[in-house]
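Enquirer: Here's the letter readout for the chains.
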Amino acid sequence: MENVLEFKNVSKYYGQKKALDDFSVVLTPGIYGLLGANGAGKSTLLNLLTDSIKRTSGEITFNRREILKMGAEFREKLGYMPQKQGMYEHYSGERFLYYMATLKGVNKKQAKLQISEYLELVGLEKDAHRKLGGYSGGMKQRLMFCCALLGNPEILILDEPTAGLDPEERIKIRNYISEMAKDKIVILATHVVSDIECISSEIMFLKEGKLLAKDTPEELIKYVDDKLFSIKCGRDELKSLIEKYPKGTVQQRKEGLVYTVVREQCPEGFEKSSNVPNLEDVYLYWF
Amino acid sequence: MGEFARVFTDKRIIMVSLIILVLNGLMFFNSAKYDTSQERAGYLVFVDMLEIQNKEIQYERALQHVNDWNEKNAEYFNKAIANGQYEYNYEDYFSENEMKEYYANAIYVDKYQYVMAYGEHIDYVIQNSENMKKSDILYSEGSFSKDNIDKTQKDFEKIKKIKVSMGNDRWIEKLVNYEFVEYLVLILIVIAVIVILDERKKGLWETVYATKYGRSILALKRVVLLLSFSFVGVAMLAVENIVIAANLSDGIGDVFRSIQSVSLFKNVTLEANILQFVVLMYLWKVVSLSVIGMLFFILATSIKSYIVPIFLLFVTLFGEILLYKTLSATSVFGPLKNINIVSGLFSQDVMKSYGNVNVFGKAINSYNCMIVTAVVLFILLGVLLIVSGRRKPFLIGESIAARVLSRISYKLKLYRHNSMLIHEMHKQLWIVRVLIVCIFMVLVSVMTMNLDEVKYGYSDYVYNQYMDLLEGKANLEKKMYLKNEVAKWQNKYDATYLELDNLMQEEGSIYQINALQKKMDQYMLSVEITKELEGLSDKLAKLKEEGYNAEFVNEIGYNNYLGEKSYDINQKTTMINMLFVVFAVSGIYAYENSQNSKLLTYPTKYGRTKFVIVKCASVFIITLFIYTVSSISVLYEINYKYGLSGIAADAQSLYLFEDLNFKCPIWVVIIVIHVMKLLLLYGMSLVVMFISSKSKNVVTAILVSSIIFMLPALLVYMGYEQLQTISVLDELMFTEKWR
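Chains A and B are the protein sequences, given in the same order. So in this note's numbering the end of the first sequence lands on 287, straight run, no missing numbers. So in this note's numbering the end of the second sequence lands on 739, straight run, no missing numbers.
Any given hint might turn out to be false.
For lysine to any residue, the following SDA-like pairs were computed, each having C-alpha atoms within a straight-line distance of at most 20 angstroms [what the hints assert, rightly or not]:
hint	chain 1	residue 1	chain 2	residue 2
1	A	109	B	598
2	A	54	B	594
3	A	109	B	416
4	A	54	B	609
5	A	140	B	609
To be clear about the criterion: a stretch of chain B counts as covered by chain A if any three or more of its residues have a C-beta under 8 angstroms from a C-beta of chain A, and this derived list gives those stretches [what the hints assert, rightly or not]:
hint	stretch
6	95–103
7	598–608
Keep in mind that the hints were calculated from the coordinates and are not lab data. Using N, Cα and C, we set each Cβ at its ideal position, and we do this for glycine too.
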């Protein structure tokens with residue numbers, strides 16, 4: 001039977017502030033990109049899923065069972081990679097993974113197999129004995145990814161997994177996620193649109209705690225297909241254009257600067273853009 | 001200034017300073033407090049008596065008072081013996097006020113007599129030197145002995161005209177006789193050097209080295225910094241001790257009197273007043289401590305890790321302290337005692353007595369020897385440190401030892417297990433450094449052990465002699481033996497009584513009468529003790545009939561271990577346990593909090609309930625260790641001093657446990673008491689753990705826990721007994737409530 005993770009009218013209020021408002025969604029195995037500006041409610045949603053904070057109302061079920069009632073049974077199925085690198089700097093990479101495997105309830109034999117497999121997967125096998133304090137940001141991110149994978153979880157929550165990585169490392173992590181995502185529900189929260197565009201089966205847009213859209217990248221892109229307009233401009237004009245139409249992108253072309261905006265109506269002086277729309281345009285359109 | 005601020009505001013320095021302050025306060029208070037409240041009240045009256053102008057008349061009055069008291073005491077004593085009392089305690093016969101007055105007058109008499117006899121004492125020393133000059137062996141030409149005699153005579157002649165006067169001396173006597181500051185400041189200076197050298201660990205050495213003032217100038221600043229830090233460290237503890245001592249002694253009196261006014265310093269040849277003496281005593285500690293700091297600094301910047309320099313420093317200091325404590329100044333190896341890196345640290349030893357060191361046959365005053373050594377070492381090591389500041393930074397990274405350990409750990413894969421408890425214990429002991437707290441606990445327990453030989457009174461002495469013979473099961477033979485012993489002592493008493501009667505009729509000398517009276521007192525005490533033991537024999541026989549494993553067991557050790565006499569040691573040990581629990585457990589959650597790891601661990605399968613259970617278990621192990629170490633040290637101390645024999649006998653064999661209404665051996669009762677005390681301490685540990693879980697860092701947790709537990713306990717310990725309701729000290733002592 002296919003795993004189903006369902007959010008039913010989930011809300012979280014901090015006093016009067018709505019961090020998440022009546023959020024409902026059904027997730028089956030696949031990679032779900034979670035996009036939103038800072039404070040959109042992404043972290044709140046992930047924290048509710050990991051039961052790190054209490055929800056104000058609503059239900060979250062896994063295979064029709066409330067996750068709060070499942071408790072440790074649910075957390076056993078969970079792999080979480082938080083945004084902050086909360087690791088023990090004095091531990092070696094391998095010792096830290098064994099520690100996490102113990103906390104996740106992975107038996108010794110499985111832990112040994114998985115740790116050696118994942119260390120090799122993320123290219124850290126030669127650095128496994130080194131102290132985490134000496135790891136670079138990218139190495140730590142890769143190790144955190146290993147931690148999330150330990151115990152072969154059915155739900156993988158990745159919060160900004162590529163933050164602070166160089167392009168090569170970012171691509172590597174993206175590829176690992178694609179590789180590991182088989183039969184898993186992967187929720188990938190990020191600001192980096194290109195990460196999601198490449199690997200997500202569906203994308204969820206969150207704004208001020210509300211779900212604005214949930215669809216495949218292709219469908220979302222289709223939505224802005226006829227909404228791109230551009231204008232050639234000089235450097236002097238650019239500043240006033242950005243002030244007037246802030247949701248746009250500047251491109252340096254041979255013929256000069258081109259400013260492209262995403263809007264319902266074509267602004268005066270602009271013409272239909274020849275650019276192929278992408279997810280970044282969708283992001284600009286929604287936010 | 002930046003370097004100073006960095007060191008003085010470092011969390012580790014603040015934390016260690018706090019521990020040391022609390023520990024020192026505790027130890028010093030314990031060593032300086034009075035045995036009884038009457039004694040304290042008496043001393044305070046004595047301080048008031050010092051205000052009286054006409055000292056001679058006051059002395060006559062005080063002497064009369066003391067003589068009257070002694071007569072009364074003898075009278076009460078004889079009555080008590082005649083009434084068949086086994087133990088005579090004069091405090092039971094005199095009112096609190098009488099005792100207070102007696103103590104005050106006795107101190108006054110003692111001080112007055114010292115002041116009056118001081119001149120004679122100096123004359124005696126000088127005369128003694130003159131007498132020694134007549135000996136060909138002692139006064140042979142070119143010998144150290146001759147030089148020593150001449151120098152002693154010269155030095156004492158110099159202070160012949162010094163005027164001594166009565167005053168409040170108790171505070172300085174306690175200050176000088178307390179020997180713990182020296183060890184505590186050593187810990188502080190080692191931590192300070194580690195903090196100064198933090199830049200190496202953080203990869204800043206090369207950067208600092210490349211700056212304009214990053215070499216010799218910086219090294220020079222560090223010499224000043226080490227000196228300043230030594231000053232602050234020593235001053236901090238000195239002020240604490242002076243405040244405590246002054247508080248206990250009703251102030252510090254006139255500090256401008258000559259130091260020789262204090263009887264403890266009657267052989268000091270230094271021309272200084274009390275204030276100057278105290279300042280000098282601490283000054284040499286500061287210089288000596290900074291010398292040790294510089295030595296460690298040089299070692300630590302020459303070797304990659306801290307472990308090797310700390311080990312080398314430890315070995316050096318251990319060797320030097322051993323030489324200092326064991327060598328005689330006048331022996332051939334005498335120079336090694338005073339020309340020693342630690343002699344300045346123990347400045348009070350050198351300063352409170354007079355002595356000359358044999359330096360190549362020449363007699364050099366040990367105080368001068370100490371000064372020269374401290375100053376020369378300070379200059380030498382200071383120059384060496386400044387020169388070494390020019391040395392290029394070596395490759396920064398893990399030391400060879402650390403790398404080897406890391407490799408061994410990786411090869412052996414000791415962490416390849418799925419025991420949360422072992423992971424947690426490794427984290428706490430190794431990463432959070434609770435291991436250091438544990439090692440410190442062992443050191444403190446050893447250092448605070450008092451293994452001085454017990455001076456038994458006559459009754460305890462006789463009791464011990466009999467118990468050595470009687471120990472074991474009670475039987476008819478022992479009963480008969482005791483009966484005979486009672487008769488034997490009674491006969492001796494009667495015979496002496498007759499002898500005394502005759503002597504008094506013949507008008508014998510007062511010395512003969514006193515000697516016979518003393519003999520009679522002792523015989524009477526022996527009668528009482530043997531009677532008591534005979535009674536005990538009957539009691540044990542009865543218990544045996546009731547099925548108890550009753551034996552003759554020497555009660556003195558058990559009374560000092562668990563009885564009323566154990567109060568002081570129990571209170572001190574409980575305070576130490578509390579202190580170390582606060583420091584060892586406050587960091588239990590702090591590491592997780594500081595590393596933000598909760599985000600990662602909380603959503604895991606065992607990241608909640610089991611995680612907390614494992615934390616509780618590790619806290620129990622740490623608490624158990626702390627409790628065990630302190631208990632073993634107390635057990636060792638009591639067993640060493642008094643002995644704890646007959647532990648397999650049933651508890652009812654001891655008067656201490658005679659009300660126990662179930663049958664069990666003494667050792668079981670001891671274990672039960674310890675288990676209860678451990679559980680109570682564990683309860684406190686859990687509260688500290690809770691505080692830790694709610695604190696963002698370890699310093700906050702320590703502060704909050706200290707305010708909740710240590711502060712009320714300290715105040716109760718210092719005599720503010722009205723605070724007992726908010727202090728857990730008495731509860732944790734357990735036996736006080738249980739009795």
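Enquirer: Please work out if residue 54 of chain A and residue 594 of chain B have their alpha carbons no farther apart than 20 angstroms.
Expert: Violated, at roughly 23 angstroms.
Enquirer: Is the coverage entry for the stretch 598–608 of chain B by chain A consistent with the three-residue Cβ rule at 8 angstroms?
Expert: holds (count 11)
Enquirer: What's the verdict on residue 54 of chain A and residue 609 of chain B, does the C-alpha distance respect the 20 angstroms limit or exceed it?
Expert: With Cα atoms ~17 angstroms apart, residue 54 of chain A and residue 609 of chain B stay inside 20 angstroms; holds.
Enquirer: Could you grab the alpha-carbon distance between residue 109 of chain A and residue 416 of chain B and see if it respects the 20 angstroms cut-off?
Expert: Status holds; Cα separation ~10 angstroms.
Enquirer: Apply the coverage criterion to the stretch 95–103 of chain B and chain A: a residue qualifies when its Cβ sits closer than 8 angstroms to a Cβ of the chain, and three qualifying residues are needed.
Expert: violated (count 0)
Enquirer: Mind checking the alpha carbons of residue 140 of chain A and residue 609 of chain B for me, to see if they're no more than 20 angstroms apart?
Expert: 27 angstroms, violated
Enquirer: Has the given pair, residue 109 of chain A with residue 598 of chain B, been kept, meaning a C-alpha gap of at most 20 angstroms?
Expert: 26 angstroms, violated
Consistency note: the structure conflicts with the earlier hints numbered 1, 2, 5, 6.
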